[in-house]
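J.: With these hints in hand, go ahead and build the complete structure from the sequences.
Heads up: the protein sequence lines correspond to chains P and V, in order.
For the first sequence, the working numbering gives the first residue as 128, with consecutive numbering after it.
For the second sequence, the working numbering gives the first residue as 4, with consecutive numbering after it.
Among the hints, a few may not be true.
Said to hold, decoys possible - Cross-link-like lysine-lysine pairs, in silico, DSS-like; alpha carbons within 30 Å at most:
no.	chain 1	residue 1	chain 2	residue 2
1	V	Lys85	P	Lys906
2	P	Lys842	V	Lys78
3	V	Lys117	P	Lys850
4	P	Lys850	V	Lys178
5	P	Lys825	V	Lys76
6	P	Lys914	V	Lys164
7	V	Lys122	P	Lys842
8	V	Lys76	P	Lys842
9	P	Lys914	V	Lys85
10	P	Lys914	V	Lys76
11	P	Lys906	V	Lys76
12	P	Lys850	V	Lys76
13	V	Lys138	P	Lys842
14	V	Lys192	P	Lys914
15	P	Lys825	V	Lys178
16	V	Lys122	P	Lys906
17	V	Lys192	P	Lys825
18	V	Lys78	P	Lys720
19	V	Lys138	P	Lys906
20	P	Lys131	V	Lys15
21	P	Lys825	V	Lys122
Claimed, not checked - Taking CB as the label site, the calculated pair distances span:
no.	chain 1	residue 1	chain 2	residue 2	range
22	P	Ser881	V	Leu112	34 to 42 Å
23	V	Leu112	P	Phe902	49 to 57 Å
24	V	Leu101	P	Val529	24 to 32 Å
25	V	Leu101	P	Cys513	33 to 41 Å
26	P	Gly886	V	Leu101	33 to 41 Å
27	P	Val529	V	His203	28 to 36 Å
No lab work stands behind these hints, which were simulated from the structure alone.
Since we're looking at a predicted model, the values are computed, not measured.
Think of the CB as a built atom: it goes at the ideal place given N, C-alpha and C, for glycine as much as any other residue.
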Amino acid sequence: MKNKGFTAINIGGLALGLAATLLITFYVIDELSYDRYNENANRIFRVDEDLKLGDNKVQYAVAMPPLAQTLIKDFPDVENVARIKKATIIVKKGNENLTENNAIFADPSLFDVFTLPLINGDKTTALNEPNTVVVSQSAAIKYFNRLNVVGQSLTLPGQSALKITGVIRDIPEQSHFKADFIMAMAGWADSRADEWLRSDYNTYVLMRKGADHKNLEAKFPELIRHYSGSQILKAVGMNYDQFEKSGSYFRMSLMPLTDIHLHSSKTGELSANGTVQYIYIFSAIAIFILIIACVNFMNLSTARSSNRAREVGVRKVLGSTRKFLIGQFLTESVLVTFIAAIIAFCAAITVLPVFNDIAAKNMTINGPMLLWILPMLLISVLVIGCLAGIYPAFFLSAFNPVDVLKGKLANGFKGGKLRSALVVFQFAISIFLIVGTLVIYQQLKYIQNRDVGYNRDQVLVIHDAFALGNQTKTFKQEVKQLSGINDVTISGFLPTTENRGTSIFSKDVTKDPKKSIFPQTWRVDEDYIQTLGMKLVAGRNFSSRMGTDSSALIINETAAKFLGFNNAVGKTLYRNEGDDIAQKPYTIIGVVKDFNFESMRENISPVVMTLDYDNGNLGIRLKSANLPALMDQIKSKWKAIAPSKQFVYSFMNADFEATYRAEQRMGQISIIFTSLAIIIACLGLFGLSAYAAEQRTKEIGIRKVLGASITTILKMLSLDFIKLVFIALLISTPFAWYFMHKWLQGFAYRADISWWIFGLSGMAAILIAFATISFQSFKAATANLVKSLRSE
Amino acid sequence: MLSLKNISKYYKNGGAQVNILNNISLDVDAGEFVSIMGPSGSGKSTLLNIIGMLDEPSDGYHYFMNEPVHQLKEKQRSALYKRNIGFVFQAYHLIDELNVYENIETPLLYHDVKGSERKALVADMLDRFQIVGKKDLFPSQLSGGQQQLVGIARALIVKPKLLLADEPTGNLNSKQGEEIMELFRKLNKEEGMTIIQVTHSEKNAAYGTRIINLLDGAIASSQQI
Numbered sequence: 128m129k130n131k132g133f134t135a136i137n138i139g140g141l142a143l144g145l146a147a148t149l150l151i152t153f154y155v156i157d158e159l160s161y162d163r164y165n166e167n168a169n170r171i172f173r174v175d176e177d178l179k180l181g182d183n184k185v186q187y188a189v190a191m192p193p194l195a196q197t198l199i200k201d202f203p204d205v206e207n208v209a210r211i212k213k214a215t216i217i218v219k220k221g222n223e224n225l226t227e228n229n230a231i232f233a234d235p236s237l238f239d240v241f242t243l244p245l246i247n248g249d250k251t252t253a254l255n256e257p258n259t260v261v262v263s264q265s266a267a268i269k270y271f272n273r274l275n276v277v278g279q280s281l282t283l284p285g286q287s288a289l290k291i292t293g294v295i296r297d298i299p300e301q302s303h304f305k306a307d308f309i310m311a312m313a314g315w316a317d318s319r320a321d322e323w324l325r326s327d328y329n330t331y332v333l334m335r336k337g338a339d340h341k342n343l344e345a346k347f348p349e350l351i352r353h354y355s356g357s358q359i360l361k362a363v364g365m366n367y368d369q370f371e372k373s374g375s376y377f378r379m380s381l382m383p384l385t386d387i388h389l390h391s392s393k394t395g396e397l398s399a400n401g402t403v404q405y406i407y408i409f410s411a412i413a414i415f416i417l418i419i420a421c422v423n424f425m426n427l428s429t430a431r432s433s434n435r436a437r438e439v440g441v442r443k444v445l446g447s448t449r450k451f452l453i454g455q456f457l458t459e460s461v462l463v464t465f466i467a468a469i470i471a472f473c474a475a476i477t478v479l480p481v482f483n484d485i486a487a488k489n490m491t492i493n494g495p496m497l498l499w500i501l502p503m504l505l506i507s508v509l510v511i512g513c514l515a516g517i518y519p520a521f522f523l524s525a526f527n528p529v530d531v532l533k534g535k536l537a538n539g540f541k542g543g544k545l546r547s548a549l550v551v552f553q554f555a556i557s558i559f560l561i562v563g564t565l566v567i568y569q570q571l572k573y574i575q576n577r578d579v580g581y582n583r584d585q586v587l588v589i590h591d592a593f594a595l596g597n598q599t600k601t602f603k604q605e606v607k608q609l610s611g612i613n614d615v616t617i618s619g620f621l622p623t624t625e626n627r628g629t630s631i632f633s634k635d636v637t638k639d640p641k642k643s644i645f646p647q648t649w650r651v652d653e654d655y656i657q658t659l660g661m662k663l664v665a666g667r668n669f670s671s672r673m674g675t676d677s678s679a680l681i682i683n684e685t686a687a688k689f690l691g692f693n694n695a696v697g698k699t700l701y702r703n704e705g706d707d708i709a710q711k712p713y714t715i716i717g718v719v720k721d722f723n724f725e726s727m728r729e730n731i732s733p734v735v736m737t738l739d740y741d742n743g744n745l746g747i748r749l750k751s752a753n754l755p756a757l758m759d760q761i762k763s764k765w766k767a768i769a770p771s772k773q774f775v776y777s778f779m780n781a782d783f784e785a786t787y788r789a790e791q792r793m794g795q796i797s798i799i800f801t802s803l804a805i806i807i808a809c810l811g812l813f814g815l816s817a818y819a820a821e822q823r824t825k826e827i828g829i830r831k832v833l834g835a836s837i838t839t840i841l842k843m844l845s846l847d848f849i850k851l852v853f854i855a856l857l858i859s860t861p862f863a864w865y866f867m868h869k870w871l872q873g874f875a876y877r878a879d880i881s882w883w884i885f886g887l888s889g890m891a892a893i894l895i896a897f898a899t900i901s902f903q904s905f906k907a908a909t910a911n912l913v914k915s916l917r918s919e
Numbered sequence: 004m005l006s007l008k009n010i011s012k013y014y015k016n017g018g019a020q021v022n023i024l025n026n027i028s029l030d031v032d033a034g035e036f037v038s039i040m041g042p043s044g045s046g047k048s049t050l051l052n053i054i055g056m057l058d059e060p061s062d063g064y065h066y067f068m069n070e071p072v073h074q075l076k077e078k079q080r081s082a083l084y085k086r087n088i089g090f091v092f093q094a095y096h097l098i099d100e101l102n103v104y105e106n107i108e109t110p111l112l113y114h115d116v117k118g119s120e121r122k123a124l125v126a127d128m129l130d131r132f133q134i135v136g137k138k139d140l141f142p143s144q145l146s147g148g149q150q151q152l153v154g155i156a157r158a159l160i161v162k163p164k165l166l167l168a169d170e171p172t173g174n175l176n177s178k179q180g181e182e183i184m185e186l187f188r189k190l191n192k193e194e195g196m197t198i199i200q201v202t203h204s205e206k207n208a209a210y211g212t213r214i215i216n217l218l219d220g221a222i223a224s225s226q227q228i
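T.: Right under this line is the structure:
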């Protein structure tokens, strides 16, 4: 009867551990499989750029427009090159106009570089003509409700219709870019621009079989010197050598396709990528959980050994060899692991949808996956079973049958130093995980509560306001008239939206990179600062009444710092306007307090604002309590001006949260698996405390006869374990501090790890441990004395 | 000192009631050395456990040092025996993980005796039983007789008024057994310690001042020596 309980704890703990490990394995495999659907994945590289100008450094995932042609023409190692340019299109469906964000312009070679099979159409000609488009299966269904749509057209309001020349199978989830509309690059005039300083196109190189991409990379500096050199001369007034000597650089490199998802977070990514750090963290958690589960198994097996010692003795007397006994114990162990694995597998599949929700994944178990998961699982069962069983097996089989049958050994295992060490180990890991989770949550809270330099509450963002055309200002005025509205600003550049732009500003006309910055350059209107609740630390805001403000600038504190201005107001900056090299002077009229417009992993970079018109978005500061009514009013104003355009909006605080969704998910997932780890560790502790209490029944009886109260006994039993947990706390603290400190280093803006986190984690672990063992201890402390002391 | 009135102990086994003690009445005065004898299963140990308050009777009245034990709550009862009763067991029941010194010291911990005083008391006890040299040994390193000496020392260290011994010599050879019995007689004569022992041996019983014979849970005879 007792054994049943132990076996249940053993199998349950192991199953829980295996299930958690399986889920994490699914996750990790999914993350690692990004872009591997491409048959030539190993030969595909993206051309990235590194630019340093003065103090500004930028890493680009995009390259210059003419680079692709040059690579094909001049480099025999290159088999093919395809460019992708991200786009947003508005497509008419019935009476409605839908905004489609998953659209790209691409070279016809896209289908040669990437493995994107067409289910309709001819891939060799599909993207040759301007205004042709290859759509995805889902897009075809969405707009035509069927797959065979080649020859049909998509209507784009105000633009030429797109002729559909092909339908591709949906691009797999595990792709670093998603596209439902692949438009012919021929229809994008800019793609033919002969500009070697501008980075706009995600450029993918397919290397020839056997060619080494390092050789190609080695030729890049010469290529840049040759093509970009003259344009650098024009832009910053110095030749390439001088440019490099001044400490600036312009470099290109190749990023392997399969590294993009986990290792790339540069300017101009096609979509937000994952982080390899999370892969490491989750793998570590999985291994931890598995270890904890295995340790349970070992602990409980050896703890029970005194009960089984008699069995061993009898078997030995009956002629069983040691080898046979080891085999018997190992078989038992593997069998238990096998049962646990079956339960774990079923459990993992059952909770996979929930896990998908939390992890924002779309993982499924399919036939081909089973083909390798099941054998892997079987091998794991053998390995874990043997690992977990090997110590008990050798330990038990070594018993001397005479001693055992005399009952001599039965008391010999009480010390159990190894067992104590293993419990310490388990709890050290658990405490480590608790600390980690707390630090992650503290950082998330810090991010949410940090003063980001603008007020994101109660700000409505209307997207794609360019749909209003030249009536945007009218719309702004009308919305401003509504009661419940504080301020309205028109600008495509909001702290929480994606739209960004840079240009070069110099302190003088010499264009010396040392006197230049390379700031975010945002076109805003005069209501921008107050609508977003930003603060001016010096100077004044733009004013429409000042005619000269078209050549005025407001810069942020960082820009002022980069420029070395103590008092920036009144200073002049020169800007390169477009292609011509005329230097237009601007006067700084104000300095705005630094605000975060990128993830807090990044430092705030320089921002320069100009008074200009960019109707990408509208930002509306609301004060009304009756939000739905107000939203209806704003929407009807929109419909009055642009009846056929989609009204797309979001709230700035929600957009802000979205930036940290990865961290939040990470936090949630760690909480779940940390809890699992703790539960498993507690299962083991529960078993051990039950065993210890059972082992000490007689001792407890004696102590009670000698006058010990129940409380004293409880204290004694609990203290033994609490001591172990305390040691675990001491051991795990430095490790937890070190690793979480490292994790926090990834944030430019971070909370400190406070001592209370360790205090709290320790307290939590001790409380949990105490709760787990108190049941058994209480049972032992109140057991019948006469029974406990009866001599055998 | 001790008065049992109509004490019975029975338990239900299936439908049948099994009687272990049947209507026992017994008075023990301070300074007596009582030996309880009787065949196996006659209820000797149960009677001793009830006297020692380790077990509760099913029926009857139990007075110890003028306190109605049968009316006391668990906590009061344990306080009462903790202060006044010492136990010696056939199987010694020493704590294996503790050495001789610590074993003897243990009851003092539960009596909230201060550290310095504990030291003095244990030293006295080691001295008195001439086991100073063995204070650092563990029970498994001692002979049975030595273990029982430690057991008695442990029982006496809290200066109980009543010493209960359940076949204290049962696991010992005759020479060791005689030594223990001599010790009991000395304790009784010289220090006036009240002792109740359960024994199988006529010879050991003869060390006492009164012999009670139990048969089938009832007192068959009681004779002063």
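J.: Can you list which hints this structure breaks, lowest number first?
T.: Checked against the structure, the hints that fail are numbers 4, 12, 14, 16, 17, 18, 19 and 23, while the rest are satisfied.
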